[in-house]
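Chemist: Protein chains in written order, with our numbering: chain A, 1 to 343; chain B, 1 to 343.
I should point out that these hints are in silico values taken from the structure, not numbers from a laboratory. Treat the hints with care, as some may be off.
Since copy identity is lost for identical chains, a pair holds within one copy or between any two.
Cut-off 25 Å, straight-line C-alpha distance, at most; resulting in silico cross-link-like pairs (DSS-like, lysine-lysine) [said to hold, decoys possible]:
#  : residue 1 : residue 2
1  : K156      : K289
2  : K243      : K289
3  : K127      : K155
4  : K155      : K289
5  : K96       : K329
6  : K243      : K296
7  : K329      : K198
8  : K96       : K243
9  : K212      : K47
10 : K183      : K114
11 : K155      : K308
12 : K96       : K198
13 : K47       : K289
14 : K243      : K178
15 : K219      : K198
16 : K310      : K296
17 : K183      : K96
18 : K209      : K23
19 : K23       : K114
20 : K183      : K198
21 : K183      : K329
Chain residues, written in single-letter form:
Protein chains: 2
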Amino acid sequence: MAPVANGRVLFNSYPTGYPEPGKTAVYDTTETIDLDTVSLNGGFLLKTLDISIDPYLRGRMVQPTTSSYSSSWEIGQVINSHAVGIVLRSENSDVKVGDHIVGMLEHKQYSVIKSLEGLRVIDNPSKLPWSAFVGVLGMPGQTAFMAWREYSSAKKGETVFVSTGAGSVGSLVIQLAKLDGLKVIASAGSDEKVQFMKEVGADVAFNYKTTKTEEVLVKEGPIDIYWDNVGGETLEAAIDAAKLNARFIECGMISAYNTGYSFPIRNFFQIIGKSLTFHGFVIGRLVAKWGAEFYKTIPPLVASGQIKFKEHIYKGLEADGDVLLAVQKGTNNGKAIVHVADE
Amino acid sequence: MAPVANGRVLFNSYPTGYPEPGKTAVYDTTETIDLDTVSLNGGFLLKTLDISIDPYLRGRMVQPTTSSYSSSWEIGQVINSHAVGIVLRSENSDVKVGDHIVGMLEHKQYSVIKSLEGLRVIDNPSKLPWSAFVGVLGMPGQTAFMAWREYSSAKKGETVFVSTGAGSVGSLVIQLAKLDGLKVIASAGSDEKVQFMKEVGADVAFNYKTTKTEEVLVKEGPIDIYWDNVGGETLEAAIDAAKLNARFIECGMISAYNTGYSFPIRNFFQIIGKSLTFHGFVIGRLVAKWGAEFYKTIPPLVASGQIKFKEHIYKGLEADGDVLLAVQKGTNNGKAIVHVADE
Numbered sequence: 001m002a003p004v005a006n007g008r009v010l011f012n013s014y015p016t017g018y019p020e021p022g023k024t025a026v027y028d029t030t031e032t033i034d035l036d037t038v039s040l041n042g043g044f045l046l047k048t049l050d051i052s053i054d055p056y057l058r059g060r061m062v063q064p065t066t067s068s069y070s071s072s073w074e075i076g077q078v079i080n081s082h083a084v085g086i087v088l089r090s091e092n093s094d095v096k097v098g099d100h101i102v103g104m105l106e107h108k109q110y111s112v113i114k115s116l117e118g119l120r121v122i123d124n125p126s127k128l129p130w131s132a133f134v135g136v137l138g139m140p141g142q143t144a145f146m147a148w149r150e151y152s153s154a155k156k157g158e159t160v161f162v163s164t165g166a167g168s169v170g171s172l173v174i175q176l177a178k179l180d181g182l183k184v185i186a187s188a189g190s191d192e193k194v195q196f197m198k199e200v201g202a203d204v205a206f207n208y209k210t211t212k213t214e215e216v217l218v219k220e221g222p223i224d225i226y227w228d229n230v231g232g233e234t235l236e237a238a239i240d241a242a243k244l245n246a247r248f249i250e251c252g253m254i255s256a257y258n259t260g261y262s263f264p265i266r267n268f269f270q271i272i273g274k275s276l277t278f279h280g281f282v283i284g285r286l287v288a289k290w291g292a293e294f295y296k297t298i299p300p301l302v303a304s305g306q307i308k309f310k311e312h313i314y315k316g317l318e319a320d321g322d323v324l325l326a327v328q329k330g331t332n333n334g335k336a337i338v339h340v341a342d343e
Numbered sequence: 001m002a003p004v005a006n007g008r009v010l011f012n013s014y015p016t017g018y019p020e021p022g023k024t025a026v027y028d029t030t031e032t033i034d035l036d037t038v039s040l041n042g043g044f045l046l047k048t049l050d051i052s053i054d055p056y057l058r059g060r061m062v063q064p065t066t067s068s069y070s071s072s073w074e075i076g077q078v079i080n081s082h083a084v085g086i087v088l089r090s091e092n093s094d095v096k097v098g099d100h101i102v103g104m105l106e107h108k109q110y111s112v113i114k115s116l117e118g119l120r121v122i123d124n125p126s127k128l129p130w131s132a133f134v135g136v137l138g139m140p141g142q143t144a145f146m147a148w149r150e151y152s153s154a155k156k157g158e159t160v161f162v163s164t165g166a167g168s169v170g171s172l173v174i175q176l177a178k179l180d181g182l183k184v185i186a187s188a189g190s191d192e193k194v195q196f197m198k199e200v201g202a203d204v205a206f207n208y209k210t211t212k213t214e215e216v217l218v219k220e221g222p223i224d225i226y227w228d229n230v231g232g233e234t235l236e237a238a239i240d241a242a243k244l245n246a247r248f249i250e251c252g253m254i255s256a257y258n259t260g261y262s263f264p265i266r267n268f269f270q271i272i273g274k275s276l277t278f279h280g281f282v283i284g285r286l287v288a289k290w291g292a293e294f295y296k297t298i299p300p301l302v303a304s305g306q307i308k309f310k311e312h313i314y315k316g317l318e319a320d321g322d323v324l325l326a327v328q329k330g331t332n333n334g335k336a337i338v339h340v341a342d343e
């Protein structure tokens, strides 16, 4: 077969505010690949199927000197994130043609990969959609499950507030909290998202753009646990609404990502009087401890439909730059997936 | 004997900024007491010897609606705090004349007390000064010891930064950290205090009024643990200097107490990328777990001189209002004690 274009997404410039489609990351078709003859050098050839675009990726669009929990993308590099692909050819004995692979992959149509290091061959007995393995069964799902188990100290009858409750992390947190017998208050930025939060079990779901968070928390709180995906004023409202000994699970601060990371928290002194605990984390530190329980617990609940998830599928790698912005603005409605190709 | 004046300190008005001597709390001598005939009603008569004045007391000088970890003083009430007294008369079989009692006591020369509830008869085999039982052997010492044990996760070779390192809490934290094999960076607000921090073992001691905290932490950090007694800009500097997985022990925020409790923390987003944990606490929640170990560990180390402490003794209950201000301004040099009377 003749060489074909190998579309890919290159990091092009550091944004100062929100990522800019066509400027921050650009789609490029100048590279070609001959799928039949490209040298594998003992590795394997992967065709990318589904790519996860996550809010935390904003942290990789910063100059390397800025404090961030993930390494920065360099200008000109192919950007990468969690993705699923199918093996087209293999010289690696651990990887068979037709295997599905998940892990941190480059945003390109085809990749030659040296080894399985950092990647995983997917075991999918319940025939779940492959995209689920970068969502509810992937990093976002692990983030929700592992941090909930590690930090929530949840007790039946307690009250939790979850921000971005319609997202891939937040919606699973809602469902885990309901399974544990908690009252769940959840916020998101559209009425459609509010509807989804109710579907997954939130007792109180509201649109923070039309209803004031502090008023909801005064009425429905106080709270024992706050799952924070946003920071900023919402975090302040949660601190004001916190009970004695409340736990704060600091998973993300989308409100800070695109505004210079400087939103002030003005009521942090309450941490002392209320004996609050704040757990910041990145998922890497929890995987060794909770990985086995995650894979034992969550896939069966997803397969049986007891745990629900929602995806927003964007078609084609060309959409990448738009989706990088969408997840920062919250205009996606469900876990953002770039569907690159069918099998 | 004829009745004598029973000097006492009344809470007079809520300060907006710093407490004001002669206005916030006033010394009053209108009450009299006949020490021989006053009815005990099954209780005991106590002569106050030494009173502890602590920074946290600013939190009791606020309107009851304001969030605070200790109950507010009411206008006109006799103020109270940890203190030591000697029993002059007793109708309580658990309390003998000559016993020394420690606990939350009213700021008056003589008190008739109904029961031992919340108080303790002091066992003092090493003949330590009675004032030590409201300092290194009292609430401040317990605060340092119990929270260090509970929250520091200290490992030999790590680095800790302690603010207000010359205070009754901070100076014990420095010594506990050195016993655990850590490198200790400590700050205070005068050269005399810097000298004391060096005497108790701080590896790096500096005057934050003449040396920039952030510059010291850049040079001597990064840090694994921050013991926070001040909040504000110092807390921000500690967040900037924190290592991955660093622990923040939030013991006090003196910088916020007198400035409307609104100092903004502008770099709190780092909690996520650095996987930081912040433990707010009040000592009450730790006493049941760590009380026995405290009394087994600390008094012998103090008796042998291995653990040092420093007191600033103010003479007479009339000084009370001045000392309430002094501990907020940090003009005391050592644990602030109001010495009311000799035995």
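Chemist: Could you run down the list of hints and mark each one as holding or not?
Modeler: Against the structure, the hints come out as follows:
1. For the identical chains of this complex, K156 and K289 are neighbours both inside a copy (24 Å) and across copies (24 Å), given an alpha-carbon limit of 25 Å.
2. In this homomeric assembly, K243 and K289 come within 25 Å of each other (Cα to Cα) only across copies, at 21 Å, whereas the closest approach inside a single copy is 29 Å.
3. Taking identical chains as interchangeable, the C-alpha atoms of K127 and K155 are never at most 25 Å apart, the minima being 34 Å within one chain and 47 Å between chains.
4. Proximity of K155 to K289 under the C-alpha cut-off of 25 Å is found in both arrangements, the shortest distances being 21 Å within a copy and 21 Å between copies.
5. For a Cα distance limit of 25 Å, the shortest separation of K96 from K329 qualifies neither inside one copy, at 39 Å, nor across copies, at 71 Å.
6. For the homomeric pair K243 and K296, neither the shortest alpha-carbon distance inside one copy (33 Å) nor that between copies (33 Å) is at most 25 Å.
7. In this assembly of identical chains, K329 and K198 lie within 25 Å of each other by CA distance solely inside one copy; the values are 22 Å within and 52 Å between copies.
8. In this assembly of identical chains, the alpha carbons of K96 and K243 never lie at most 25 Å apart, being 53 Å within a copy and 42 Å across copies at closest.
9. Taking the shortest alpha-carbon separations for K212 and K47, neither the intra-copy value of 46 Å nor the inter-copy value of 54 Å comes in at or below 25 Å.
10. In this homomeric assembly, K183 and K114 never come within 25 Å of each other (Cα to Cα): the closest approach is 48 Å inside a single copy and 43 Å across copies.
11. Taking CA atoms no more than 25 Å apart as the test, K155 paired with K308 passes inside one copy only; the shortest distance there is 23 Å, against 43 Å between copies.
12. Proximity of K96 and K198 under a CA criterion of 25 Å is satisfied in neither setting, with 42 Å inside one chain copy and 65 Å between copies.
13. In this homomeric assembly, K47 and K289 never come within 25 Å of each other (Cα to Cα): the closest approach is 31 Å inside a single copy and 57 Å across copies.
14. In this assembly of identical chains, K243 and K178 lie within 25 Å of each other by CA distance solely inside one copy; the values are 19 Å within and 35 Å between copies.
15. With identical chains, the CA atoms of K219 and K198 are at most 25 Å apart within one copy only, with a shortest distance of 18 Å there and 52 Å across copies.
16. In this homomeric assembly, K310 and K296 come within 25 Å of each other (Cα to Cα) only inside a single copy, at 21 Å, whereas the closest approach across copies is 57 Å.
17. Taking identical chains as interchangeable, the C-alpha atoms of K183 and K96 are never at most 25 Å apart, the minima being 46 Å within one chain and 52 Å between chains.
18. In the homo-oligomer, the alpha carbons of K209 and K23 never lie at most 25 Å apart, since the shortest distance is 29 Å inside one protomer and 46 Å across protomers.
19. Taking the closest pair of Cα atoms, K23 and K114 never come within 25 Å of each other, the shortest separation being 30 Å inside a single copy and 76 Å across copies.
20. Taking the shortest alpha-carbon separations for K183 and K198, only the intra-copy value of 12 Å comes in at or below 25 Å, while the best inter-copy value is 51 Å.
21. Within a single copy, K183 and K329 get their C-alpha atoms no closer than 28 Å, and across copies no closer than 44 Å, so neither meets the 25 Å cut-off.
Of the numbered hints given earlier, the model fails hints 3, 5, 6, 8, 9, 10, 12, 13, 17, 18, 19 and 21; all others are met.
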